[in-house]
Structure formats: C-alpha cells, structure tokens
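Q: Whole structure, please, built from the sequences with the hints as guidance.
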Amino acid sequence: MVPQLPHESEAGLGWIEADGPHADIVLSTRIRLARNLQGFRFGTRADAGDRREVLRLARAAADGSAALGSGRAYLIPDLPSPERQLLLERHLVSRELVSGHAGEPPSDAALLTGPAEPLSVMVNEEDHLRLQTLLGGFRLHDAWRSIDRLDDELGSRLPYAYHPEFGYLTSCPTNVGTGLRASVLMHLPGLVLTQEIGKVLQGIAQVGLTFRGLYGEGSEVVGNFFQISNQTTLGKTEEDLIDHLQRIVQQVVQYESSARAVLTRDAPTVIDDKVWRAYGLLRHARTTSFEELMNLLSGVRLGVGLKLIPGVSVHTLNRIMIFAQSAHLDRVADQALPKGDPDVRRAAYVRGILAAEESGASHA
30 MVPQLPHESE AGLGWIEADG PHADIVLSTR IRLARNLQGF RFGTRADAGD
80 RREVLRLARA AADGSAALGS GRAYLIPDLP SPERQLLLER HLVSRELVSG
130 HAGEPPSDAA LLTGPAEPLS VMVNEEDHLR LQTLLGGFRL HDAWRSIDRL
180 DDELGSRLPY AYHPEFGYLT SCPTNVGTGL RASVLMHLPG LVLTQEIGKV
230 LQGIAQVGLT FRGLYGEGSE VVGNFFQISN QTTLGKTEED LIDHLQRIVQ
280 QVVQYESSAR AVLTRDAPTV IDDKVWRAYG LLRHARTTSF EELMNLLSGV
330 RLGVGLKLIP GVSVHTLNRI MIFAQSAHLD RVADQALPKG DPDVRRAAYV
380 RGILAAEESG ASHA
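First residue of the sequence shown: 30, per my numbering; consecutive thereafter.
Source of the hints: derived by calculation from the structure; they are not laboratory data.
Among the hints, erroneous ones may be present.
[Said to hold, decoys possible] Computed list of lysine to aspartate or glutamate pairs in EDC-like fashion (alpha-carbon distance at most 16 Å, straight line):
{"id": "1", "residue 1": "Lys336", "residue 2": "Asp53"}
{"id": "2", "residue 1": "Lys303", "residue 2": "Glu321"}
{"id": "3", "residue 1": "Lys265", "residue 2": "Glu194"}
{"id": "4", "residue 1": "Lys336", "residue 2": "Asp302"}
{"id": "5", "residue 1": "Lys336", "residue 2": "Asp301"}
A: Written out as structure tokens, the structure is:
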C-alpha cells in the first residue's frame, strides 16, 4: 500500500519547531542537489524505460543507505490528487514532480524519505534525482553537511553523470557544475515597511543571488516572505557557494533587525496597531483567503518577534502556515470545522488554534 501522510501528522515538518538560529526572521533552510545517472536520458528526453530503471536503481541505493534505509517510498502517480497536494504544501515535493508538464506526474516519479527527518530524494523530476534537506532557522552549514553525507552514500552506489571539466551534468544548463541550490526562507516585514527592501533585493542580485516567493521559482511573494538562494552552480565549490550565501543572508538578517529597531523607535504606535489589528482579524475572522492569511500572519509574526504579543509561539505560526492550506484543511480530523467554503474552514481552523494557544498561555 502506498504510504499516506495523515493531516495531523507532522511528518516532514521538523522545521516548523522554530528551534534554529534567527527563527523569528529565518523560517527554514533548504539545500537541493541535482544528480543524473550515466546511461539514461535526462529530463523530458527520458522515456518510460529510462524512468523505470532510474527509480529501481534509486530505491535500491536508498534502501542500502544509512540515511534513507527503512524509509518510505511515495509513488507519486499512484497517489490521489489530494495526497500529492499535501506533499506539495509541505514543501516535500516540487510542482513539477506532482503535475509534470501536462497536469499529471511523470511516470515512475517518486519521493523517497528516510525514517528520520529531514532528508529525502525526488526521483524522475527535471533531473533523475533531487536530493534535499529542509531545516528550521538559519542553518546552512548543518544542512550542507547532512546533504553531503547523503550524496556520498548514494554516489557510492549509483553511476552519477559527471564531467571532469564541467562537474555534475544536469537537464538545465544553469544547474551544471555542483548541481546545488541552497535557499533560505526569510520574513522581512521591517525592510518592507521602511521601504528598504528594494535596495536590499537589488544588492543581493548584484552579488549573484536571487529571490523567489514561498513556493520557489515562479511563485509570488506574499506576506513579506522571501526565498533567497544562489544562482551560480558552475566554477565554484559547494562550500564556496554555501559560505557566500551564509555571509549575505547574515547581512540581510542584520538589516531586518535594524529596520525593526527603527520602526519600534520611530513609529511604536503604528506598529503596535498594525500587529494587534492583524491578530484581531485572525482571532475573529469568519472567512480568510490563503493570501490574506499570509499577510495577517506576517503582522502577527512581526509582533511576536518584537515581543508585543505574549502567549503566541513562532512554532504555532509556522504550523498555521502549513495546516491552513487547502489540502490540509480537507484532511482535518476535527469534524467541527464547517463544510464547504475553504476560506470559511480556514478562518475556523485558525480561530481554533489561536484560542487553544491563548487558553494554554492563561493556564501557564
């Protein structure tokens, strides 16, 4: 039977604990490595036989590895659409893996996960393999050490496509070299409110980095959440790329902290009002779209970071971000949620979570 993720399970969501460095500003750190296998066609040129054999080899290598052995294999085409969406909402898979280019996943697409978080491998996406890890807070070096060990394990069992001059060969030329994409998901309301965000984003572009929205490439920025990642993969080592991103993100954290200090000093009443209005709407709204939810969560998250709102944890706000999405709402075990309109269900779910948080704080 194909494994399924129950709604209330937090499988794949270790990052929401908010126990990493700078967790009030940096939600998560992700590293992905693109790898392909010798002797098989890449990407859209791969036929069903290529993909089937790649999956067989990948599963055998994973079963024999310390990181992924005794883990799970989610065969994406065999999953019903809601289950695929659940994996996507947890950032465990890409949109390409669950919907391909024609609305259906590629044949023999799969997600391989280990018995312990946070390592996993997407199989038969744009590349044969996408190794990935997702950690809470600002933990680039921890993430790199973890994914590097997995890469070594699988590379000792699989014939990676590698060129001595160009490095790892990938479907997209922009990934050739290290095949590494490292990204940090940041919450930057201070820079947005002080109107410094444009200058900061322009600066990171000038040093070879880029930014995207919550769901990566092609997604819009909502709720002041920005994914900052490397663009270069060729001509530098993995360690150089990680160190460079580490330095720049550390600067952005400092800029955001300074912007929040300026707002607290120069406009305390305005910020206090903005924060509590956002909390009041979340606490009492009867209908909330996901985009509105993200914008309101941004205000509340800022208030928690500035210690203006007692009794609400960053962990709770992270959890709401995931479990208030459509597929998760559809799997809510609590039958007290209203039927029908997902915006109504979303508002009811958030009210319940915040009410429980308030009750817990009052009894603490």
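Q: Is it true that the CA of Lys336 sits at most 16 Å from the CA of Asp301?
A: holds, 11 Å
Q: Mind checking the alpha carbons of Lys265 and Glu194 for me, to see if they're no more than 16 Å apart?
A: Distance ~12 Å between Lys265 and Glu194 Cα, so the pair holds.
Q: Holds or violated: Lys303 with Glu321, Cα cutoff 16 Å?
A: Distance of about 14 Å is within 16 Å: holds.
Q: With the threshold set at 16 Å, check whether the alpha-carbon distance from Lys336 to Asp302 stays at or below it.
A: holds, 14 Å
Q: Between Lys336 and Asp53, is the straight-line Cα distance small enough, at 16 Å or below?
A: The hint holds at about 11 Å.
Checked against the numbered hints given earlier, this structure breaks none of them.
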